[in-house]
Amino acid sequence: MTSTAFDLDSPLPLHPLTFHAEDGADDEVTIGRADTGEFGVFPADGAALLARLAGGAPLGEAVAWYEREYGEGVDLAEFLEVLDEFGMIVRDGETAAEVAPVRWRRLGVALFSPVAWLLYSAVVIAGIVVMVAVPEVAPSYSHVFFTPSLVAVLLLALLGQIPLILVHESFHALAGRRLGIPSSLRVGRRLIFVVFETSLDGLVAVPRRQRYLPILAGLVADAVCVAGLTLVAAALRDPIGGDAGFVGRVCLSLAFFTLMRLVWQFYFFLRTDLYYLVCTALGCLDLQTVAFAMLRARFARLLRGPARPVDESDWHPRDREVARWYMWFLLAGYAFVLASVALAIVPAVLLTVDIVVDRVAHEPSALGLADAVAFLVLTFGQFVLAGVLARRERSA
1 MTSTAFDLDS PLPLHPLTFH AEDGADDEVT IGRADTGEFG VFPADGAALL ARLAGGAPLG
61 EAVAWYEREY GEGVDLAEFL EVLDEFGMIV RDGETAAEVA PVRWRRLGVA LFSPVAWLLY
121 SAVVIAGIVV MVAVPEVAPS YSHVFFTPSL VAVLLLALLG QIPLILVHES FHALAGRRLG
181 IPSSLRVGRR LIFVVFETSL DGLVAVPRRQ RYLPILAGLV ADAVCVAGLT LVAAALRDPI
241 GGDAGFVGRV CLSLAFFTLM RLVWQFYFFL RTDLYYLVCT ALGCLDLQTV AFAMLRARFA
301 RLLRGPARPV DESDWHPRDR EVARWYMWFL LAGYAFVLAS VALAIVPAVL LTVDIVVDRV
361 AHEPSALGLA DAVAFLVLTF GQFVLAGVLA RRERSA
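Under this note's numbering, the first residue of the sequence shown is numbered 1, with each subsequent residue one higher.
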């Protein structure tokens, strides 16, 4: 796109834009379209020029103002090309976007109202009290096996979490819609697993203090679900025999899986919710990439090996500053992964193997043996399928 594509005596046709200057970052302004979630970080002088254009000033008049104000010319062709890349300019055949009201906003407001927070707090506190008072209902890897059928256990692990994950992501989306951000919730795939993914790109256009709740809303949902499932199991538990019944055992199994998702949030290197919380609080843009690059370079020097060449020109100064200590935080995250695997995943796997071996070696029932074999096929088959899909994607 070139400057000759527009009349200098007419206003530049632009879609409705939002402008947000981050606290403490007077030299940068985030500008974009809330309807599409496309945003870019502009220097303060470029943002001032774009603000005049968005206000309806003719293109030539806005450029002349910029030259008087800042004492330098404008590379108009490049400036217009950047605006077009971000979808800010109304192209031929298009009409300017209309800012539609955000659906489900009232539901988002209700879910995070003072009354709702009191309810969430009561459920979580009650759940913790019950876990302490009755350790048998505290989420544990042993609760995974809520039934003798291994296939049923596997199906609950794969499919039973889908509604709870949907609640987690819905809390993210509705916390954003509460602020008027048109967040979206979609179904995706990671390897062979169905996942729900929330898009909250519009968060960059609101003050930093308002971003924390949408980022943490999923964790709030998980905490409430763990506590709520535990309370249900405790209510169904036989005070004499201690058995919570089938429904109670299912609740405890789901509570354990949900608790593992909460633990998973500390795996910062996977860009979890807590990672984005850290980036937001510290004002970083792509902290993970910079920290990994620094960590690799540090280990290369330690091992006296050749360092991988890295283009540092795109690194934001804030990312560079924080990454100097955050890279060690990444190492701590890996250590946390190993600890959680050792304390939860390994015991559950060992218990599973023990059950399967016992079934295969001593199960007199053909149905029980078939259950163990089906469990093995489904368990290892998903890894084989994941490998096949990954190979196809690489060769495509």
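FYI, nobody ran anything at the bench for these hints, they're computed from the structure. Please note that a few of the clues may not be correct.
Unchecked claim - Label pairs and their computed distance ranges (CB to CB): (1) E197 to A64: 41 to 47 Å; (2) D286 to F266: 53 to 59 Å; (3) V129 to L338: 52 to 58 Å; (4) R304 to P207: 44 to 50 Å; (5) R106 to V377: 45 to 51 Å; (6) E69 to V310: 55 to 61 Å; (7) Q210 to P101: 17 to 23 Å; (8) P101 to E69: 32 to 38 Å; (9) S184 to A64: 39 to 45 Å; (10) L158 to E81: 28 to 34 Å; (11) T147 to F266: 46 to 52 Å; (12) R208 to S121: 23 to 29 Å.
All C-beta atoms in this analysis are idealised placements derived from N, C-alpha and C, irrespective of residue type, glycine included.
Of the numbered hints stated previously, which ones are contradicted by the structure, given in increasing order? 2, 3, 6, 10 and 11
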